[in-house]
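Sequences are here, hints too, so could you generate the full structure?
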Amino acid sequence: MFKVFKYTLIDLARNRFVLGYALLMLLVAQGLFVVEGDPAKALISLVQVVLTLVPLITLVFTVVYLYDSLEFTQLLAVQPIGRRSILAGQLLALSSALLVAQAFGLGLPLLVHTPDLPALILSLSGSGLVLVFAALGALIALKQREKARGVGVALFIWFLFVLVYDALLMWLMFAFSDHPIEPLVVPLAGINPVDLARIMVMLQIDLAAMMGYSGAVYKNFFGSTIGMGVAGSILLLWILIPTMIAFRVFQRKDL
Amino acid sequence: MSEVRIRFDNVGKRYGRLWALRGADLTFVKGEVVMLIGPNASGKTTLIKCLLGLVRSTEGRISVDGKVIGNDPGYRRSIGYMPQISQFPTALTVGQLLDMMKDVRGLDDSALDDSLVDELGMRAHMDKRLGTLSGGTRQKVSAVLAFRSRPQILVMDEPTAGLDPISARRVLKEAGALRDSGGTVLITSHLMEEVESLADRVAYLEDGHLRFLLPVKEILELTGTQRLANAIPAMLGGPLKEADPVHHV
Amino acid sequence: MIRAFALLPLLLSFGVCSATSWEYDAHGAERFKDLLQRIAIGDTVRISGIVQEGTITINRPVTIWGREGAVIDGGEKGEVLVVLADDVTIRGLTIRGTLVSNLEDYAGIKVKECYRTVIAGNFMDRCFFAIYLSGARDALVEHNRVIGDDSVDERMANGIHLWKCNNATIRHNLSERHRDGIYFEFVTDSRIHDNVSRNNLRYGLHFMFSHRDTYEDNLFLNNGAGVAVMYSKVIEMRRNKFLSNRGASSYGLLLKEINDGEITDNVFRDNTTGLMVDGCNRIHAQRNEFRYNGWALKLFANATACSFRSNSFLGNTFDVSTNGELMLNEMMGNYWDRYAGYDLDRDGFGDVPHRPLGFFTLLVERMPYAMVFSRSLFVSLLDRAERLIPSLSPEAMKDDRPLMRPPDPKDGTGRKDTVTMSNSAGSGSSFGSGSGISYCWSQRIRSKSWLTLEAHV
Chain A
9 MFKVFKYTLI DLARNRFVLG YALLMLLVAQ GLFVVEGDPA KALISLVQVV LTLVPLITLV
69 FTVVYLYDSL EFTQLLAVQP IGRRSILAGQ LLALSSALLV AQAFGLGLPL LVHTPDLPAL
129 ILSLSGSGLV LVFAALGALI ALKQREKARG VGVALFIWFL FVLVYDALLM WLMFAFSDHP
189 IEPLVVPLAG INPVDLARIM VMLQIDLAAM MGYSGAVYKN FFGSTIGMGV AGSILLLWIL
249 IPTMIAFRVF QRKDL
Chain B
35 MSEVRIRFDN VGKRYGRLWA LRGADLTFVK GEVVMLIGPN ASGKTTLIKC LLGLVRSTEG
95 RISVDGKVIG NDPGYRRSIG YMPQISQFPT ALTVGQLLDM MKDVRGLDDS ALDDSLVDEL
155 GMRAHMDKRL GTLSGGTRQK VSAVLAFRSR PQILVMDEPT AGLDPISARR VLKEAGALRD
215 SGGTVLITSH LMEEVESLAD RVAYLEDGHL RFLLPVKEIL ELTGTQRLAN AIPAMLGGPL
275 KEADPVHHV
Chain C
28 MIRAFALLPL LLSFGVCSAT SWEYDAHGAE RFKDLLQRIA IGDTVRISGI VQEGTITINR
88 PVTIWGREGA VIDGGEKGEV LVVLADDVTI RGLTIRGTLV SNLEDYAGIK VKECYRTVIA
148 GNFMDRCFFA IYLSGARDAL VEHNRVIGDD SVDERMANGI HLWKCNNATI RHNLSERHRD
208 GIYFEFVTDS RIHDNVSRNN LRYGLHFMFS HRDTYEDNLF LNNGAGVAVM YSKVIEMRRN
268 KFLSNRGASS YGLLLKEIND GEITDNVFRD NTTGLMVDGC NRIHAQRNEF RYNGWALKLF
328 ANATACSFRS NSFLGNTFDV STNGELMLNE MMGNYWDRYA GYDLDRDGFG DVPHRPLGFF
388 TLLVERMPYA MVFSRSLFVS LLDRAERLIP SLSPEAMKDD RPLMRPPDPK DGTGRKDTVT
448 MSNSAGSGSS FGSGSGISYC WSQRIRSKSW LTLEAHV
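Residue numbers (the numbering used here), protein chains in the order written: chain A, 9 to 263; chain B, 35 to 283; chain C, 28 to 484.
Zero decoy hints are in this set.
Computed list of lysine-lysine pairs in DSSO-like fashion (alpha-carbon distance at most 27 Å, straight line): (1) B:Lys136 x A:Lys261; (2) C:Lys104 x C:Lys191; (3) B:Lys251 x B:Lys64; (4) A:Lys227 x A:Lys49; (5) B:Lys162 x A:Lys14; (6) B:Lys207 x B:Lys64; (7) C:Lys191 x C:Lys260; (8) A:Lys49 x C:Lys425; (9) B:Lys136 x A:Lys14; (10) B:Lys136 x A:Lys11; (11) A:Lys261 x B:Lys101; (12) A:Lys261 x A:Lys151; (13) A:Lys11 x B:Lys162; (14) A:Lys261 x A:Lys14.
Calculated directly from the structure, the hints in this document are not laboratory data.
Here it is as structure tokens:
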């Protein structure tokens, strides 16, 4: 596994897309800090960029990269190593490459301009999202035989997580506003990894508002050790479950 | 009778409703070159993939050196494979790829045979990125990789399709040498002229079924022809089905 | 041992008279109370040591100075110092040992119906009420450090408490860990400036039924409920800072039933609600900065004829919210960091109005738990749509001339990032350098440790 990881990472280190992603992030982050002037405000703008862009880029890149290396994956699969090692190596290399790109493009400007707790939470959430969506991307690439369809499914999944899910949840909130739906809203939002990452960051950024009547509930839950643990566990499940399914699929897949 | 290297016992592979390969019973022995031929979608690629572990057979068993292959990838230590299409991580150099495959196979330098590196003129390409190489050069890289670990079983899928004639001849000569030292070589090819001088036996597949697996001499004798290209249609009692020159299923 | 020195004759306001300066050492035989009965009008007593004589009443116009380390300890018998005469000055003392009571308002220094009291440079050490002025006129309270003890809940009353006073000046004090830092009830024509009121259990400053008062250059930080100004008229509020007042019913500044208020050059930062305007008339807010608040401005529909000009709204979760359809106030020429319009004629004002009330603001107003969608992409899209095609927010809730960039900082001194209060009373204060308080903040506004707040004692 380590050998596959090592050489895939060497390949990815020179991948134009990864370099482009790092530079794009750097440009956006640095640009926001320069244009906004105020680091705390730039951070607020960055949140939406990260929450939107990171899932999209991670998904599409993972899917495309895995499709493009299909022949090489075949060559690896006829070597005397297990399939598990191949996928683990590739997935780990992909995640690492994107994480490093993100550390450079997002982490570096954050560290320079606003090295504080909200920035740290944003970086961690962004990293969590990379791992989640790399796993999902791998699953899509393994499940769909055609590249174009794979990318299509990836875009759909992204759209679902980033936009549609919230829309549905809000519709639910309105539709059942006569019922005591309040206790359901946070858990339902927390199931979506993008929403979860957003809530964790928001608890830092909108801290003042979070101390208000309704926010206090969230603050008390997610701010507590248990809440942090639950949030972390949900993200972990979002990483582990797709990864495990992907391993299963790859193990039986006809290449 | 020579020692059996590979045995297929009633091997079948079904994709959905379609049987790509069915009832394959055949053996390959040490020290022979077998040519697998047949039209498009005849099952020869599926047969190879079952052996390589790329595809899980739906039924039957395959054994290599007396051991039934299963989830343990260890048996592939003795297999070298040269695929029809050579795609590699584009940003790796040729040298890095060779190192990677060496590492993946867990070999050290003494176990390697680098004669083809020089013979195919790859030494000059070592520091080039794979993404910058032409298809033919990538095919040479594939050939180098397949022979480098001195495999006892060599599987080549259309080995000459992407290679220039001189390199193709070199590669086939190397395959012959492998056979002479006791190796088993399986080659799928459309270009029978190139391999017929090398082949000891010919397997013909059609619609997922093995039609025959016979020594070349026997085929020629049976049909009374001088060349395989003429002998095969005669064997089948009609003209050979038109085959796509490159693609397989 | 008492040593008395005759000093140079002093000119006092009510006539020519020779004042005597007395030294009192608590280790001596005589009681301080007895000395107080002997000294003449206008005399000065300098105290050394720790006086422990229960409640001490000052019933003639004298000056009491503490030498270094001088303490008056009431021993929890009731009040500590009670002032019943005009023209009393109390300086440089540490005062402690007030009785805590549910029935009586015991104070460290209680002033009853006096003129021209001066309370300066004292350290009010964990008093129940610390400085309590009742019916005082022309009082001056300055450079005191009023520190309560919030470790025991409900044990603390107000730090600086004024009731039915007129023409008082409260300046350069530090008040913390009391119930209300500064409390005004029925106080008229008074000024509160350059004070720091922080970490109080309830309000940093609490104003009730007090008219024609001014408060300027104060810092209100991290108080339980912020600052409340209620049922008052003609209040001027300038260059104050309202910071980090967080909680469900916590406000940077809560205005309730205020008529004719002026709010200029203040800074509202990190409050759950920056400024709440409830039932007010003719409040004019200018050049204030609202930054990183949960709700920068809560403007209730019962407010009328208020105006908001040249304020800047930066990085707030919600800029403005309201509770009704009606809007009888004016917003003009403010800077909104959410403004997405353009300025083609380059006059510095956006060419299309800004509607500060987004969809999300209204949603959270109706369903508070919708807060969980804050900063979600979907909500931002809806928010933008609502601003473009308003369908839910009151028509008049808009700024027709939004500024393209924040107002020039030189207009508002309230924007400066450091307030320094130095104590140069020269009062012979027993604290050496006095109670200089410096406050600064860094741009690190988020982490717990972002505030460096020090009282140099």
